[in-house]
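Q: Given chain A's structure and the hints, the job is docking chain B onto it.
If you want the building blocks of each chain, they are given just below.
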Amino acid sequence: MSGSSNDQSTFDGGYNYAYLDEQTKRMIRRAILKAVAIPGYQVPFGGREMPLPYGWGTGGIQVTAAIVGRDDTLKVIDQGADDTTNAVSIRRFFARVADVATTTRTADATIVQTRHRVPETSLREGQILVFQVPIPEPLRTLEPREVETRTLHALAEYGVMQVSLYESVARHGRIAKSYNYPVLVDGRYMMSPSPIPKFDNPKLDRSPALQIYGAGREKRIYAVPPYTSVKSLDFDDHPFEIERWTGCCALCGSSESFLDEMIVDDAGSRLFVCSDTDYCGSRTAATEPAS
Amino acid sequence: MSVALLGDVGTGFDDPTHDSQRTFRAVLNAFAHPGRIGDLERTPNPAGPLCGASAAILLTLADGDAPVWLAPSFDQPAVRDFIRFHTGAEIVARREDAAIAVLSETDAGYLAGFPIGTDTYPDRSATLLIQVPSLDGSAPRTWRGPGIDGRIEVSVPGVPESFWDNRRADRESFPCGLDIVFATASRILAFPRGVAVDS
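As given, the protein sequences belong to chains A and B, one line each in that order.
Going letter by letter, the first sequence gives residues 4 to 294 in this note's numbering.
Going letter by letter, the second sequence gives residues 209 to 407 in this note's numbering.
Simulated from the structure, these hints should not be mistaken for laboratory data.
Don't take each hint at face value.
Pair by pair, the computed Cβ-Cβ distance ranges are [to be verified]:
id, chain 1, residue 1, chain 2, residue 2, range
1, B, T350, A, Y169, 36 to 46 Å
2, A, L55, B, R244, 33 to 43 Å
3, A, R143, B, D357, 30 to 40 Å
4, A, V166, B, S281, 50 to 60 Å
5, A, E128, B, D344, 40 to 50 Å
6, A, N19, B, D216, 28 to 38 Å
7, A, G17, B, S281, 41 to 51 Å
8, B, A377, A, R209, 21 to 31 Å
9, B, R244, A, P205, 24 to 34 Å
10, A, T287, B, D305, 58 to 68 Å
11, B, G296, A, R143, 52 to 62 Å
We put the beta carbon where it would ideally sit given N, CA and C, even for glycine.
Chain A on its own, in the form it takes in the complex:
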């Protein structure tokens, strides 16, 4: 490996293309097609052991490995950032095993693998957004038995989640769930949008991009086709709302993006900056011409 500081990695032909063997890719591809045909339904698949632990994106990586080709341009983000450990290592992994171009620019990517955020830049038709999912079953915290949750999905019986949201309203005066906020896909299947902030939920609705969700430990793949309704659950008198705040990004000044709180010194001073580093960086570059 060269000592360059960026994440450009050389293609290593010692692995099968994109790491997974061809039969595994076919199995995952068949699962993805069924997932797209049944929007929001969790398709079981034979999840493989990957060269990183569960919780680091094994599901998303297997989905990306099954779809990626040499013509693709891959972007990987973790909490919106391209430069975090998880994002850098996954991007290097695919540069090494799949001979694929990588980018940090959302607009240039054909595949965006993400953990816990949806890019601020609107996605376009033809792009694929791959989510890393820890717990794919939205009802799991309410009903631990797989047999039961599967039956509830079969019957589209989602009252238990409405009760849970109602209890939140009764206790807090509002629906207090702020991430992993449950959605109904195409009016049929309840789906976990993965632990994205509910701020991102509206971006999923009728998105022109294809969304594929991969859960490695739980071995489930689900998908939302383009232009498909993704409705966040709510009540008539407590409609779904995203967070609003008065501050703006300390770097680019955006008042529309999702902000991270940074502690910047030992005295506890804090700063709010965009979680999406590409969005923030391109706004900063536009206002400050390169010297």
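A: Coordinates of chain B only, in the frame set by chain A:
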């Protein structure tokens, strides 16, 4: 014990890894945009009545875990040998055992018997490859559903009227159902189960 000799098995992909990846992406794009015609850049040269696009999709999706059912017009040694040699998939005699089925447009009028999945496992359903002579030229029908921005006009010539009637009735079984890919020499058009066709 007799030894089954393979006849002319045709030629598969030049580059199985990358050609199947490109084919898969075309199929995925077709499923994501029902009613939109997709082009396959790399198609194999199969023996017998298989068209290039359906052969490419078989090479991409069929294997020992995905058995193939052939309509009578395709059930001939050249097709069986092509599939068995290049994919290793089992050719099954009963429709209910099929993961993938190959049919012609005239077979499309009767699709009963293929697995449509269950209420708890709707994914355990067959994918049908229906070969058609072309993907334009007949009176268009209006499709709506997931993946379609509003509506789209789709023309699939040669498919019998009973196909559309059955499909309308089957839509009531959602999430169970059959996923269909119409295939010509090098073009495909997907018709997943969630699409509703206006009458």
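Q: Output the numbers, in ascending order, of every earlier hint that fails for this structure.
A: 5 and 11
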